[in-house]
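J.: Guided by the hints, dock chain Y onto chain A, whose structure is given.
Number of protein chains: 2
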Amino acid sequence: MININTLKNRRQKLANLINFPVVLWSGKSPSKNFKANHYPFRASSHFLYFAGIPIENAAIKLENGKLDLFMDNPSPDSTLWHGEMPTREDIAREIGANSAYPMEVLKDQIDDVATIPVQDIFTYEKQQKMLQRSLSINKASKEIDNQLMKAIISLRLTHDETALKEIRKAVNVSVEAHKIGIKSTKKCSTEAEVRAVMESYIISKNMICAYNSIVTINGEILHNETYHNSLKSGDLLLADVGAETALGWASDITRTWPVNGHFSSSQRDIYDVVLAAHDTCIEAIKPGVEYREIHLLGAKIMAEGLVNLGILKGDPETLVEKDAHAIFFPHGIGHLLGLDVHDMEDLGDLAGYEEGRTRSDRFGLGYLRLDRPLKAGMVVTIEPGFYQVPAILNHPQFKEKYDQDINWDKLKQLSDVRGIRIEDDILVTETGTEILTQNLPTQAENIEEMMR
Amino acid sequence: MININTLKNRRQKLANLINFPVVLWSGKSPSKNFKANHYPFRASSHFLYFAGIPIENAAIKLENGKLDLFMDNPSPDSTLWHGEMPTREDIAREIGANSAYPMEVLKDQIDDVATIPVQDIFTYEKQQKMLQRSLSINKASKEIDNQLMKAIISLRLTHDETALKEIRKAVNVSVEAHKIGIKSTKKCSTEAEVRAVMESYIISKNMICAYNSIVTINGEILHNETYHNSLKSGDLLLADVGAETALGWASDITRTWPVNGHFSSSQRDIYDVVLAAHDTCIEAIKPGVEYREIHLLGAKIMAEGLVNLGILKGDPETLVEKDAHAIFFPHGIGHLLGLDVHDMEDLGDLAGYEEGRTRSDRFGLGYLRLDRPLKAGMVVTIEPGFYQVPAILNHPQFKEKYDQDINWDKLKQLSDVRGIRIEDDILVTETGTEILTQNLPTQAENIEEMMR
Numbered sequence: 001m002i003n004i005n006t007l008k009n010r011r012q013k014l015a016n017l018i019n020f021p022v023v024l025w026s027g028k029s030p031s032k033n034f035k036a037n038h039y040p041f042r043a044s045s046h047f048l049y050f051a052g053i054p055i056e057n058a059a060i061k062l063e064n065g066k067l068d069l070f071m072d073n074p075s076p077d078s079t080l081w082h083g084e085m086p087t088r089e090d091i092a093r094e095i096g097a098n099s100a101y102p103m104e105v106l107k108d109q110i111d112d113v114a115t116i117p118v119q120d121i122f123t124y125e126k127q128q129k130m131l132q133r134s135l136s137i138n139k140a141s142k143e144i145d146n147q148l149m150k151a152i153i154s155l156r157l158t159h160d161e162t163a164l165k166e167i168r169k170a171v172n173v174s175v176e177a178h179k180i181g182i183k184s185t186k187k188c189s190t191e192a193e194v195r196a197v198m199e200s201y202i203i204s205k206n207m208i209c210a211y212n213s214i215v216t217i218n219g220e221i222l223h224n225e226t227y228h229n230s231l232k233s234g235d236l237l238l239a240d241v242g243a244e245t246a247l248g249w250a251s252d253i254t255r256t257w258p259v260n261g262h263f264s265s266s267q268r269d270i271y272d273v274v275l276a277a278h279d280t281c282i283e284a285i286k287p288g289v290e291y292r293e294i295h296l297l298g299a300k301i302m303a304e305g306l307v308n309l310g311i312l313k314g315d316p317e318t319l320v321e322k323d324a325h326a327i328f329f330p331h332g333i334g335h336l337l338g339l340d341v342h343d344m345e346d347l348g349d350l351a352g353y354e355e356g357r358t359r360s361d362r363f364g365l366g367y368l369r370l371d372r373p374l375k376a377g378m379v380v381t382i383e384p385g386f387y388q389v390p391a392i393l394n395h396p397q398f399k400e401k402y403d404q405d406i407n408w409d410k411l412k413q414l415s416d417v418r419g420i421r422i423e424d425d426i427l428v429t430e431t432g433t434e435i436l437t438q439n440l441p442t443q444a445e446n447i448e449e450m451m452r
Numbered sequence: 001m002i003n004i005n006t007l008k009n010r011r012q013k014l015a016n017l018i019n020f021p022v023v024l025w026s027g028k029s030p031s032k033n034f035k036a037n038h039y040p041f042r043a044s045s046h047f048l049y050f051a052g053i054p055i056e057n058a059a060i061k062l063e064n065g066k067l068d069l070f071m072d073n074p075s076p077d078s079t080l081w082h083g084e085m086p087t088r089e090d091i092a093r094e095i096g097a098n099s100a101y102p103m104e105v106l107k108d109q110i111d112d113v114a115t116i117p118v119q120d121i122f123t124y125e126k127q128q129k130m131l132q133r134s135l136s137i138n139k140a141s142k143e144i145d146n147q148l149m150k151a152i153i154s155l156r157l158t159h160d161e162t163a164l165k166e167i168r169k170a171v172n173v174s175v176e177a178h179k180i181g182i183k184s185t186k187k188c189s190t191e192a193e194v195r196a197v198m199e200s201y202i203i204s205k206n207m208i209c210a211y212n213s214i215v216t217i218n219g220e221i222l223h224n225e226t227y228h229n230s231l232k233s234g235d236l237l238l239a240d241v242g243a244e245t246a247l248g249w250a251s252d253i254t255r256t257w258p259v260n261g262h263f264s265s266s267q268r269d270i271y272d273v274v275l276a277a278h279d280t281c282i283e284a285i286k287p288g289v290e291y292r293e294i295h296l297l298g299a300k301i302m303a304e305g306l307v308n309l310g311i312l313k314g315d316p317e318t319l320v321e322k323d324a325h326a327i328f329f330p331h332g333i334g335h336l337l338g339l340d341v342h343d344m345e346d347l348g349d350l351a352g353y354e355e356g357r358t359r360s361d362r363f364g365l366g367y368l369r370l371d372r373p374l375k376a377g378m379v380v381t382i383e384p385g386f387y388q389v390p391a392i393l394n395h396p397q398f399k400e401k402y403d404q405d406i407n408w409d410k411l412k413q414l415s416d417v418r419g420i421r422i423e424d425d426i427l428v429t430e431t432g433t434e435i436l437t438q439n440l441p442t443q444a445e446n447i448e449e450m451m452r
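Quick mapping for you: the protein sequence lines, in order, are chains A and Y. Heads up: the first sequence at position 363 corresponds to 363 in full-length UniProt numbering, and the numbers run straight through without jumps. Heads up: the second sequence at position 394 corresponds to 394 in full-length UniProt numbering, and the numbers run straight through without jumps.
These are calculated hints, taken from the structure and not from any lab test. As the structure is a prediction and not an experimental result, all values here were calculated from the model. Please note that the accuracy of each hint is not assured.
Said to hold, decoys possible - DEER-style ranges, computed between Cβ atoms: (1) Y/Glu161 / A/Thr87: 48 to 58 Å; (2) Y/Ala36 / A/Asp90: 33 to 43 Å; (3) Y/Lys375 / A/Asp416: 51 to 61 Å; (4) Y/Arg133 / A/Thr87: 40 to 50 Å; (5) Y/Ser264 / A/Ser154: 54 to 64 Å.
As the list claims (entries may be wrong) - Once the Cα atoms are required to be at most 27 Å apart in a straight line, the calculated BS3-like pairs of lysine-lysine come out as: (6) Y/Lys150 / Y/Lys286; (7) Y/Lys186 / A/Lys187; (8) Y/Lys139 / A/Lys129; (9) A/Lys187 / Y/Lys179.
Said to hold, decoys possible - Stretch by stretch, here's where chain Y covers chain A in the computed footprint (C-beta under 8 Å, at least three residues): (10) 191-201; (11) 389-397.
Cβ atoms here follow ideal geometry from the backbone N, Cα and C, with glycine treated the same way.
Chain A on its own, in the form it takes in the complex (with noise of 0.2 Å):
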C-alpha cells in the first residue's frame, strides 16, 4: 500500500530545500468524554506527507533526506486491548526509516530544529516542552519554521503520482457515495437519512469522511452541520460529502438535487446558472492561469447568468466589480485538495497565498483560499453556489449598496432556492486539466434521469 520510493523521494526533495534538521509530530486523538473514549486518531498531514503512514505519538526526524522514527513500543497491557501491535521496528521498515529510536531519545537529538504545531493540543503542548520554545499555531514562530513551512508548501502544492493515486481512490468512492446518495432520495423522508445512505458507503469502504458532511434542504447555511429536517416535495437537497483514504488523502464533492426527482423551473434556471459557471471555470484551467482569475471568471458568469434571468441588473463585468455577484455568491470559486480537504490550511494563507499577496478585503474577493497561478499537479476544487443567505439580504448596509442592481420582485419568485452548490475536484495538468471527479454528472437532466 506504501510507496517506500515515493517516500523517500520526499524526504530528499525537502533536503534540496532546507539544510537543518527539521522533526514532526503525528499527533494523537483529543479524548471525548474520558480517555477510553476518544476520537478516532487522525495523524497531522505534514507527518503523513514524510512518513505515509498514520503512527499515534510518533514523530520522525528528517535530514539530508534521511528520516528517523521516534516512537515507544506498545506496552504489554496494551496487547491485552489492542491485540498485537506493529513494534517500532516494524514500522520503521514499513515506512522505510534510516533509524527507529524509543520517544525518550528525541529529546537529546532536538536542538536548533525546526518544526510545525500539530493541532491536537495536547501534542502541541509537548511540542513546546521538549523544544523549550513557544509555538504559534498558524504561523512560523522562527525562522527556521518559516522557511520549512515554505519548503513544505512548494512540495505540497503539487501531487506526486502516489498521492494522486490515493486522491483518486478517495474521489471514486465519493462519486459512489453521491450516486447512492442521489438515487436514494426519493426513499429518504429527512436529511438524516439521505446522510446516512451516502456515509454509510464511504464506511462501507473502510475509509472515513474527510470533513463534516453537509447534508440539508438548507443550503444557504454555507457550513450547516445538522441534519433533523424532513424533506418536502419541492425542496432542494444540498450535499457536500466526500472521503478520505486510510492513508489521509482528501475529496471534496458537492451536488444539488431537488428531494422530488425534478427541478422547479426557477430552480432549473438558478442551477444552469451555477453550472455554466462551474463548466467555464474548469475549462479556463491550465499551468500558468490565476487561479484568482478563475475566481472572477465564476463570478461574471454567475453575474451574466442572473441578469439574463433578470434578478440582477446592469453590466456583468461591472457588477463583479462591484462585488454584486457576491450577494449571491459569498465565498471563493475552491481550494487545494490533498492530505488536507483545505489543503495545508493549519498554515493559514502561507499556503493558498502566493508570496506577497494577502486577502483581499473586497466582500467578493475575501473568502478566496487560493490566490496562486496553477501548475501542473495541482489538484483543486471548483465550486460556485447561488444562496438566498437572509444574513446577507436583510443587511442594511448590503440592502442600501446593491438595492438597485437586484430585482427584489423576480428575486421573489426564486424563494424555492435557497442554496445551489456544484463542485468537482479537478487536477492540472500539462495540457489542461482531468476532472477527477469526471463519473459524476452534473447536468440537471442527468440527475432527474438517475432519480427515475
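T.: What follows is chain Y alone, placed relative to chain A:
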C-alpha cells in the same frame, strides 16, 4: 425535547449537597486537520447534566439551585457560515437559566468556585487560567472540587425519568442497528460493510455513535477499532455498537453472530456458556446486591461451563479464586451507563468505586470498572465474554500458573472461537431489573433465525 423541571430539580439537588458555587464548562470541538476542519462537538457530560443541551464554548454557574449561563452571542460573520443561531437569551430561556451573561463576565464571578476539568485540552487550559489554579484531569485538585465530584456522582449514579427516556431512545436505535447488522451480514463481505450497515441506521436517526464501534472477526482484540478484514464462512463476528442521543445519552450493546448464519458446534458450546453467565448475572441484579458479586457470579458460571466442556479442569469456585476464568474472560462484567458509555469515567474510580474501595490487584478482578452496591435507578451493562487472547495464552507466567487448569488439547478444538461477548443494558428497579435491550435476541437459535 428538554424538560426544564428535571434540570431545575437536578440543580436543586446539587444545592442540597454542597454549599459553595460551581462553574462547569461545556468545552469545544478539537480541531482535526485545521481550525475549520474539526471533530464533531461533544459537550462535557457534567455540563450536559445540568444545562440539558450541548452549547459550545459556554459555562454555567450553579449556586443555591440557580443557574447562570455564560456564553457569547454568535458573531455576525458566523451567521453567514452557520445561519441564524440562537442567541444567549434564546438559550437561557430554553434551559431555564436564571440569568445569562457574556463569557467575559465570568472571570469576575469565579472566586472560590469548584469545578471539574473538561476533556478538551483547549478549554482545560482556559479553565486553569480563569481560575488561576491548576487542575488535574481525573482527580480533584482542591477539596471543594472533590466535594463537587462526589456530589455529582451521587446524583448521576441513578437516573431520573428524563434521563431514562433518553437512554431508552438510544437503546432502541442501537437494538435496531444490531438487528439490521445481523440480518445483513450474509450479504456483506467485509467487517467495514457490516459496520456501515449498523452505523448507517444510527446516523439515519440523527444520532451518533456513543463510542468507536467494534465490528470484528477478531473479537479477542478487546478494543479493536479496525475494520479491514474480509468475512469468511466459519468466522464469528463480534459487534459492540451503541448510539448516543442528540442530548448526549448513551447505549452500549454487543452481540456475536456467525458470518454464515450457523454457529459451529464449538462456537455454540462457548456461546451458550457466555449466555448462561449473562442471564445468571442479570437475574441476580437487584437493589442492595454488590456489583462485584455479580462479576464473580459471572466468572463462576463461566468457569462451570468451561469445566463442563472439559476446557478448564477442577472445581469452578476454586478456579475463580485463582483467577483461572480470567484467562478467557479478562475484563469486568460491565460498568455504569448514562451520559458517558462508561459513565463518569472522567472522574476515575471515584465514580465507579464505593468510597474506601480501590481496584483489586487480582488478575480476575482488577479490570472491574464498578464496585458499588446496586441501587434502583442505576443503569449498568452486563457483558461477559470468552476470548482466546494470544497475549494471555502465550504468556509464560500465565502458562505456568494455569498449565494444570487448562485442557490444552480440548482448547485446540476451539480454534474457530476467537472472541464472543454478549452485552445488554440493565436498569436496576425497586424490585429487580428491566432489561432495556430486551428487544434484541440473545439466544443462539434466535440469532440464527434472524439470519435466515
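J.: Failing hints, ascending?
T.: none
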